[in-house]
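Based on the provided sequences and hints, a complete structural model is requested.
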Amino acid sequence: MADELPLPRLRWDPVTESFSKNAAGKRVRSSPPASSDPALFSSDDDPSADNYTQERRKKKFRGPWYHQRPASEESSQESQEHAPEKKSRRTFERQFDSGVFMGSDGTDVDEVLEELESRNAMALPVRHSRGTQSARRLPTPEELVQGQIQRCLEEGNESIDLSSRGLTTLSNATIRQLATLTPIPPVIEGVFTRLEPKIKVFLASNDLTSLPGELFNLDRLTVLSLRGNQFEELPPGIGKLSNLKELNISQNSLRSLPFEILDLFSDTSRLNSLNLHPNPFYQPQFPPDHEADKQEEELQYKIGLGNRGRARHRRGAVCSVSLEQRRRSWHSQWNVTYQARTEVRYLDINGTLSKGPNFCNDSSPIPVADANDTPQPPTSRGDLSRAPSLFEVALNACSRHKDLPHLTSWLPDDSPEFFFDLLRDVMVKKDSGGSKCTICQRNFIQPRTEWIEWWEIAKVIERNAMASAASPLRQMENERDVLESMVPLMRRGCSWLCVPEKVAVVEDAVVATE
Amino acid sequence: MASSSQNQGLSKYVTLVSMDGFEFVVLREAASVSKAIARMLSPTNGFKEAQDGRCVFGEINGVVLEKVAEYFYYNYKNRNREDVPDMEIPPELCLELLMAADYLDT
Chain A
1 MADELPLPRL RWDPVTESFS KNAAGKRVRS SPPASSDPAL FSSDDDPSAD
51 NYTQERRKKK FRGPWYHQRP ASEESSQESQ EHAPEKKSRR TFERQFDSGV
101 FMGSDGTDVD EVLEELESRN AMALPVRHSR GTQSARRLPT PEELVQGQIQ
151 RCLEEGNESI DLSSRGLTTL SNATIRQLAT LTPIPPVIEG VFTRLEPKIK
201 VFLASNDLTS LPGELFNLDR LTVLSLRGNQ FEELPPGIGK LSNLKELNIS
251 QNSLRSLPFE ILDLFSDTSR LNSLNLHPNP FYQPQFPPDH EADKQEEELQ
301 YKIGLGNRGR ARHRRGAVCS VSLEQRRRSW HSQWNVTYQA RTEVRYLDIN
351 GTLSKGPNFC NDSSPIPVAD ANDTPQPPTS RGDLSRAPSL FEVALNACSR
401 HKDLPHLTSW LPDDSPEFFF DLLRDVMVKK DSGGSKCTIC QRNFIQPRTE
451 WIEWWEIAKV IERNAMASAA SPLRQMENER DVLESMVPLM RRGCSWLCVP
501 EKVAVVEDAV VATE
Chain B
1 MASSSQNQGL SKYVTLVSMD GFEFVVLREA ASVSKAIARM LSPTNGFKEA
51 QDGRCVFGEI NGVVLEKVAE YFYYNYKNRN REDVPDMEIP PELCLELLMA
101 ADYLDT
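The listed protein sequences derive, respectively, from chains A and B.
Quick note: the first sequence uses full-length UniProt numbering, first residue 1, plus one each step.
Quick note: the second sequence uses full-length UniProt numbering, first residue 1, plus one each step.
Please note: incorrect hints may appear among the correct ones.
[Stated by the list, open to error] Okay, the calculated beta carbon distance ranges per label pair:
id	chain 1	residue 1	chain 2	residue 2	range
1	A	Gln285	B	Gly46	42 to 50 Å
2	B	Phe22	A	Ser329	40 to 48 Å
3	B	Asp20	A	Gln285	26 to 34 Å
4	B	Phe22	A	Pro278	54 to 62 Å
5	B	Phe22	A	Gln177	45 to 53 Å
[Unchecked claim] No farther apart than 30 Å at their CA atoms in a straight line, the calculated lysine-lysine pairs in the BS3-like style are these:
id	chain 1	residue 1	chain 2	residue 2
6	B	Lys12	B	Lys48
7	A	Lys430	B	Lys48
8	B	Lys12	A	Lys430
9	B	Lys12	B	Lys35
10	A	Lys459	A	Lys355
11	A	Lys200	A	Lys459
12	A	Lys436	A	Lys402
13	A	Lys355	A	Lys430
14	A	Lys459	A	Lys502
15	B	Lys35	A	Lys429
16	A	Lys459	A	Lys436
17	A	Lys198	A	Lys402
18	A	Lys355	B	Lys35
19	A	Lys240	A	Lys198
20	A	Lys245	A	Lys459
21	A	Lys198	A	Lys245
22	B	Lys48	A	Lys436
23	A	Lys198	A	Lys355
24	A	Lys200	A	Lys355
25	A	Lys436	B	Lys12
26	B	Lys12	A	Lys502
27	A	Lys502	A	Lys245
28	B	Lys35	A	Lys198
29	A	Lys502	A	Lys200
[Stated by the list, open to error] Going by beta-carbon spacing under 7 Å, a handful of chain B positions derived as facing chain A:
id	residue
30	Val26
31	Thr44
32	Asn45
33	Val56
34	Met87
35	Ile89
36	Leu97
37	Tyr103
Think of the hints as simulated: they come from the structure by calculation, not from any bench.
Virtual Cβ for every residue (Gly too), placed ideally from N, Cα, C.
Okay, structure coming up:
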């Protein structure tokens, strides 16, 4: 700084080729000598910003510091002493092409420039530190997505394309904003029409494993693409999207779909396009006694007759339809029929398997239950009731707890790992909208029964359309459709009494195939 | 319950004792919903609890045990109903009840 002591002037001894302090001659300053030599030496004797108002030449030295000898000793010493007076020597020239200071500008350019410069000098380090801060913390994909949703809301854009954003999570708060989306109404024949938004959400090619429950409360959602994510299960809430026209869930890790997805095919819904494959769905394994030779024959059927030959699939064996299916009415566009189910898995209060088949993770098919199979609950629990277990009641209270995310931190340290997993699971289920018993519609957290039903879901192809398009290409498509039309649906119950209804063997299914 | 007719010689009520000394007298049939309590009270297993009909829980405090006893009656009352009402639980007890439920296997 300015009040720093200038270095004592050293005398150059031509004999020893070095400076000497104690040579004859007076000191420049009468101040007491520094106790030791300064550790650092810089030619920037006064680094204050005021010294930088004009270009300065740094003094150049050669060799070690104790050999320092400025190029011109006299002039440098002088410039140091006269440093405070430098202002008078400033030479600034007008930059006529700068566009800031015009030739006609009457202000004192020097003064303004000086002010500007000093402000810059102060602002620079600040700006610099801000820059490093933002470099340290990039916005997360979800924050970027929030910004995009905000833009869509402002523009009234109904098509929200969030594909390939590297999303791993999507929170309820992000999606909730979409409920307020209102499109800009178009003018048709000079009249403004009130528009219901037709929201389209594209989440393709992300790394999502769960969906926010709020997504299923967007009742104006018409297109939903979840293609290419990491889903292993879809939340049951998906059945609530009654205005959905297109659904794409291909290229995920789905082994089964929630039973509630059938609501999308009811006669009041509007689903038009559905892409389920490819996904590693559970495959049914039918009883072996009537397959071997029939397998090929049936394939022939499938290839040749497409949709129409399908009901023969179950010919002579288990032509069964659950009572529930007969009660429901499906959309005329979709052919939805119950095919088969697995045996019931009975789960204990904490979710461990008590009785029933294992749904393994490899791709081996799961044997289907006999048509006359009546589920037998394990006897370990005595009399059955629909009342939830205390465990379930407590879990429910945990789920409603307002501080659910931090509940795990209140668990004693020595509590089993299982509790931590359980509470994490509760949180995920709550975020994705919870689940209802598919038999008695009661909300539950820990399922007590579960089984898979295979339903045939295929789009009804109009007869005349088929006749006109009797090309080989069309037939190939049919074959694939047939093989892929068996969709496994996961059904879960809330008590050991919530088991599949007895199915009624119906004859007319065979008749219907002509 | 089938077991109640078999165990004629046993008292109709059992006593549940919490770690801080609170005692709750509940119907044996209702308490038997808990597999752990049923095992303790079964005369075939020969536990001390079976003789005097008194179960002492060293890890459950009175407030929680009261809720547990309440649950026993809730379950007992609704055991044959189709539409079971929900049971309310104060949020501050949910974790302790969860662990008690796991312990009692209820």
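Each hint tested on the structure:
no.	hint	in the structure
1	A/Gln285 - B/Gly46: 42 to 50 Å	holds (47 Å)
2	B/Phe22 - A/Ser329: 40 to 48 Å	violated (57 Å)
3	B/Asp20 - A/Gln285: 26 to 34 Å	violated (56 Å)
4	B/Phe22 - A/Pro278: 54 to 62 Å	holds (60 Å)
5	B/Phe22 - A/Gln177: 45 to 53 Å	holds (50 Å)
6	B/Lys12 - B/Lys48	holds (17 Å)
7	A/Lys430 - B/Lys48	violated (43 Å)
8	B/Lys12 - A/Lys430	violated (41 Å)
9	B/Lys12 - B/Lys35	holds (18 Å)
10	A/Lys459 - A/Lys355	violated (37 Å)
11	A/Lys200 - A/Lys459	holds (22 Å)
12	A/Lys436 - A/Lys402	holds (21 Å)
13	A/Lys355 - A/Lys430	holds (27 Å)
14	A/Lys459 - A/Lys502	holds (27 Å)
15	B/Lys35 - A/Lys429	holds (28 Å)
16	A/Lys459 - A/Lys436	holds (27 Å)
17	A/Lys198 - A/Lys402	violated (33 Å)
18	A/Lys355 - B/Lys35	holds (17 Å)
19	A/Lys240 - A/Lys198	holds (16 Å)
20	A/Lys245 - A/Lys459	holds (13 Å)
21	A/Lys198 - A/Lys245	holds (10 Å)
22	B/Lys48 - A/Lys436	violated (43 Å)
23	A/Lys198 - A/Lys355	violated (46 Å)
24	A/Lys200 - A/Lys355	violated (43 Å)
25	A/Lys436 - B/Lys12	violated (37 Å)
26	B/Lys12 - A/Lys502	violated (39 Å)
27	A/Lys502 - A/Lys245	violated (33 Å)
28	B/Lys35 - A/Lys198	violated (53 Å)
29	A/Lys502 - A/Lys200	violated (40 Å)
30	Val26	violated (13 Å)
31	Thr44	violated (15 Å)
32	Asn45	violated (15 Å)
33	Val56	violated (19 Å)
34	Met87	holds (5 Å)
35	Ile89	holds (4 Å)
36	Leu97	holds (4 Å)
37	Tyr103	violated (10 Å)
Hint compliance for this structure: hints 2, 3, 7, 8, 10, 17, 22, 23, 24, 25, 26, 27, 28, 29, 30, 31, 32, 33 and 37 are not met, and every other hint is.
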